[in-house]
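Asker: What follows is each chain in one-letter form.
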Amino acid sequence: QKEVEQNSGPLSVPEGAIASLNCTYSDRGSQSFFWYRQYSGKSPELIMFIYSNGDKEDGRFTAQLNKASQYVSLLIRDSQPSDSATYLCAVKSGGSNYKLTFGKGTLLTVNP
Amino acid sequence: GAVVSQHPSRVICKSGTSVKIECRSLDFQATTMFWYRQFPKQSLMLMATSNEGSKATYEQGVEKDKFLINHASLTLSTLTVTSAHPEDSSFYICSATTGLGSGANVLTFGAGSRLTVL
Numbered sequence: 001q002k003e004v005e006q007n008s009g010p011l012s013v014p015e016g017a018i019a020s021l022n023c024t025y026s027d028r029g030s031q032s033f034f035w036y037r038q039y040s041g042k043s044p045e046l047i048m049f050i051y052s053n054g055d056k057e058d059g060r061f062t063a064q065l066n067k068a069s070q071y072v073s074l075l076i077r078d079s080q081p082s083d084s085a086t087y088l089c090a091v092k093s094g095g096s097n098y099k100l101t102f103g104k105g106t107l108l109t110v111n112p
Numbered sequence: 113g114a115v116v117s118q119h120p121s122r123v124i125c126k127s128g129t130s131v132k133i134e135c136r137s138l139d140f141q142a143t144t145m146f147w148y149r150q151f152p153k154q155s156l157m158l159m160a161t162s163n164e165g166s167k168a169t170y171e172q173g174v175e176k177d178k179f180l181i182n183h184a185s186l187t188l189s190t191l192t193v194t195s196a197h198p199e200d201s202s203f204y205i206c207s208a209t210t211g212l213g214s215g216a217n218v219l220t221f222g223a224g225s226r227l228t229v230l
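Note that the protein sequences, when read in sequence, are chains Y and A. Position 23, counted from 1, in the first sequence is what my numbering calls 23; the numbers after and before it change by one each time, with no gaps. In my numbering, each number is its position in the second sequence, counted from 1, plus 112.
Don't take every hint at face value.
Straight-line alpha carbon distances no greater than 20 Å define the calculated PhoX-like cross-link-like pairs of lysine-lysine that follow [to be verified]:
hint, chain 1, residue 1, chain 2, residue 2
1, A, LYS167, Y, LYS99
2, Y, LYS99, A, LYS176
3, Y, LYS99, Y, LYS67
4, Y, LYS104, A, LYS167
5, Y, LYS42, A, LYS153
No lab work stands behind these hints: they were computed from the structure.
With the sequences and hints as input, model every part of the structure.
Answerer: In structure tokens form, the structure reads like this:
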């Protein structure tokens with residue numbers, strides 16, 4: 001059973017702070033890792049994806065991947081109230097079928 | 113960018129009736145689409161993989177005779193919930209990938225369809 005684990009939160013940070021979201025996965029064969037943001041009642045929207053060990057930065061977002069430890073994280077710098085949402089970690093295992101396994105998500109609240 | 117359109121966004125039906133949800137890739141061809149279901153405060157659970165021109169592949173525990181999937185063209189997949197019951201009430205979301213380039217593994221989601229069965 002391939003599993004993706006996230007702390008359900010809620011994670012509460014003040015506006016302007018750094019929010020750190022973590023995710024661990026069980027399948028060592030996993031190759032691609034995704035962070036999606038989901039507002040209440042809406043479908044997920046892609047924030048970032050990462051394939052290689054290390055950091056990947058995109059604006060205020062940084063994804064970090066450590067395959068040896070089987071974890072992936074998302075840092076949000078200068079957090080804004082509009083960042084308040086549930087963040088879903090998704091993992092794709094090896095193969096070509098594009099199937100993703102999602103974690104349950106971490107609810108982030110950014111307080112003004 | 114890739115856009116996936118899903119319709120209807122909300123549907124309320126009586127128990128025992130059938131409901132069809134459409135998923136369209138608007139600006140790309142999607143040989144593969146995915147159907148997810150999400151219950152409140154739960155994660156997305158993959159129901160089935162929809163392949164153009166062939167039968168869908170269902171995940172374990174998903175009844176293929178209850179959740180009928182048709183992928184008749186490269187831009188359209190439909191999910192029909194047959195003989196719906198209150199426990200089928202959920203948020204159904206489709207997704208697709210272009211399967212090309214750096215975005216090959218990136219899923220684009222439709223807006224979702226919230227089904228309420230009375």
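Asker: Hint by hint, work out which the structure violates, then give me just those numbers in ascending order.
Answerer: Hint check: 4 fails alone, others pass.
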